[in-house]
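> Residue strings, one per chain:
2 protein chains.
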Amino acid sequence: MAVIRWEEPPEGPVVVLLDQTRLPTEEVELVCTDAPALVEAIRSLAVRGAPLLGIAGAYGIALAAARGFDVDEAAAALASARPTAVNLSVGVRRAASAYRAALAKGGDTGAAAAAALVAARALHQQDAEASVRMAGHGLALLDELLPGGGHRILTHCNTGSLVSGGEGTAFAVALQAHRAGRLRRLWVDETRPLLQGARLTAYEAARSGMAYTLLTDNAAGSLFAAGEVDAVLIGADRIAADGSVANKVGSYPLAVLARYHHVPFIVVAPVTTVDPETPDGAAIEVEQRPGFEVTEVTAPQAPVTGAGGGIPVAPLGTQAYNPAFDVTPPDLVTAIVTEEGVVSPVTAEALAELCARSRQVTIS
Amino acid sequence: MAVIRWEEPPEGPVVVLLDQTRLPTEEVELVCTDAPALVEAIRSLAVRGAPLLGIAGAYGIALAAARGFDVDEAAAALASARPTAVNLSVGVRRAASAYRAALAKGGDTGAAAAAALVAARALHQQDAEASVRMAGHGLALLDELLPGGGHRILTHCNTGSLVSGGEGTAFAVALQAHRAGRLRRLWVDETRPLLQGARLTAYEAARSGMAYTLLTDNAAGSLFAAGEVDAVLIGADRIAADGSVANKVGSYPLAVLARYHHVPFIVVAPVTTVDPETPDGAAIEVEQRPGFEVTEVTAPQAPVTGAGGGIPVAPLGTQAYNPAFDVTPPDLVTAIVTEEGVVSPVTAEALAELCARSRQVTIS
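Protein sequences appear in the order of chains G and D.
With my numbering, letter number 50 in the first sequence gets 50, and the count goes up by one each step, no holes.
With my numbering, letter number 52 in the second sequence gets 52, and the count goes up by one each step, no holes.
Source of the hints: derived by calculation from the structure; they are not laboratory data.
Among the clues, some could well be false.
To be verified - Some chain D residues well away from chain G (every beta-carbon gap over 10 Å; in silico):
| id | residue |
| --- | --- |
| 1 | Trp6 |
| 2 | Leu45 |
| 3 | Asp70 |
| 4 | Glu73 |
| 5 | Gly107 |
| 6 | Ala128 |
| 7 | Leu145 |
| 8 | Gly149 |
| 9 | Arg179 |
| 10 | Gly181 |
| 11 | Ala241 |
| 12 | Glu277 |
| 13 | Glu285 |
| 14 | Val342 |
Stated by the list, open to error - Some chain G residues near chain D, calculated using beta-carbon distances under 7 Å:
| id | residue |
| --- | --- |
| 15 | Arg192 |
| 16 | Pro193 |
| 17 | Ser222 |
| 18 | Val249 |
| 19 | Pro253 |
| 20 | Val297 |
| 21 | Ala314 |
| 22 | Ala320 |
Unchecked claim - Chain D stretches covered by chain G per the calculated footprint, using a threshold of three residues with CB under 8 Å from any CB of chain G:
| id | region |
| --- | --- |
| 23 | 184 to 196 |
| 24 | 222 to 230 |
| 25 | 254 to 268 |
| 26 | 306 to 317 |
Using N, Cα and C, we set each Cβ at its ideal position, and we do this for glycine too.
Construct all of the structure, not just a fragment, from the sequences and the given hints.
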């Protein structure tokens, strides 16, 4: 079942999504017939993960265009559905630019809609190819940092084929190590509050036949202390120009633990995740999500009794602090692995050079 | 409703416990008529928390003695019901010693059982008094380390009146600060996997009228990074002779974060938690609990569908790493607050001196 696909039934084009909130218990598809439906799917995390959000945003523009809705309005709504992942707005912009360029060249709205779809499909395909290259660069880096193989990798949140047009970012590197017979174990942080590690990464690891073990996020400290972690591999939702990395909440504590235990902390993300417009970590807007994600437990199959759609686990009226992401400063990041190569040490200059190289590749 | 009490109905003596697995949704009492029932209540965490486990163990011996069961057998079963908290075996030993001493002095089993109950009640009372003194010493330390008040305290797991004959350990300090008008906010870690923070600490904080906010354990990093934490206050299940502190899993990552951010990391525990027989952190046995606590979510009111009694959140067959505790080395601990005073810096010598002083007080 594809995580996202474009279909053109007789009733008109649709974007079909695998509803990730129902995994691993059920594989259910969501059919979006317009941009607002897709915005809702993004907000509810039915579709999620930085690279996939970019692809979803681009298809959303293609959908609005093909169905004759206002493309500018759809672009504004889609790009702001979630604030932290820069890929979302990049994807929206790319498809919307293709649409406008086609109109500017004298095409009709049908031709412009077709151009938006071509741009979305190209982004989808590019992301799949980027996965393959990130996996290769990432494994080469692991082998260099940790000679002898038998890697024990700790990961946080979900970064595999569920977030990508291909096999993902950090997870794709672990998968490559697994296929090469050099993964000893994947340690999977459960990733509270929404349990993307338990629900999604464990699901992907099990399907791939990897040796994996699930743990509560707070048990990672014990693994580090016991010398059971050789490297941390995570994805990213936005990388500022200075190399600060916004990623799922809980990434920063792992970076501090990794530093304290002299373990490499590696970020794997496509170049589109680097946002030259965001100067540093302080400039990254971190999405604050509803408190009920913490005060209630949501689980597949569970009957809904709380106001937020879950089972209450805290006293009524409990206020919660629930940032969706945190920011890791560049000095705690050993390396950033992209499809265009590895940046290490992480500096503003090295990142700027990488982005310039990537633009050249894209243009040529 | 008392967390633990001794009752003597016509059918024979019983130990009555508040079933902490049902909080905060329901206040239900568990009536234990023999030591095996109490062992099961300890294992299932119906009764929990280091100081309270000591009291429960002592009452368990009094119960076995009063009902004419084999006291040595009850002592062995109770002391090993959970391995990490040293208070449990200390409490068992104290009541069993009183029982044996009475027999040795020529008393009959009835007199010996009465002696065991006197010892259990004395421990219960001493723990209540120790709470008061820990709270006083702890607040004085906070005021010294953080002049000006307005303390923003981060805590992990549950350390209030639910774990104690009195108002608890770390929580009692926060409560004292609250009553003195010097608590700005209590940050409550939810404490996965069993959510003692969300279920129990939030419940106690709400009842006390404190300003508190609940967070996922992995969101603490963001609070530190934002400068929102003035001090970390936790309890302890065992303190080794070298000052290594075993406490609920997730404590050690907070200690590393606190060090990285130059925030005091303070352990509050009665002197009985210090175990001179355990030389260092490596010698502390850390209880490994069943994986289903991680692969399934248990919540009050939730229907049971998983093999472990919860709602599955990970693919079937997922293996989990689930240590109940972790160990923080003494160099990451700013201070240990006990009823006999504060140890800071934490060294083997200072701890040994404290224990010697405490024994003198107990003997005199």
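> State for each hint whether it applies.
We went through each hint and held it up to the structure:
no., hint, in the structure
1, Trp6, "holds (29 Å)"
2, Leu45, "holds (15 Å)"
3, Asp70, "holds (37 Å)"
4, Glu73, "holds (34 Å)"
5, Gly107, "holds (47 Å)"
6, Ala128, "holds (25 Å)"
7, Leu145, "holds (22 Å)"
8, Gly149, "holds (22 Å)"
9, Arg179, "holds (20 Å)"
10, Gly181, "holds (20 Å)"
11, Ala241, "holds (19 Å)"
12, Glu277, "holds (22 Å)"
13, Glu285, "holds (13 Å)"
14, Val342, "holds (25 Å)"
15, Arg192, "holds (4 Å)"
16, Pro193, "holds (5 Å)"
17, Ser222, "holds (5 Å)"
18, Val249, "holds (5 Å)"
19, Pro253, "holds (4 Å)"
20, Val297, "holds (5 Å)"
21, Ala314, "holds (4 Å)"
22, Ala320, "holds (5 Å)"
23, 184 to 196, "holds (count 7)"
24, 222 to 230, "holds (count 3)"
25, 254 to 268, "holds (count 4)"
26, 306 to 317, "holds (count 6)"
Consistency note: the structure conflicts with none of the earlier hints.
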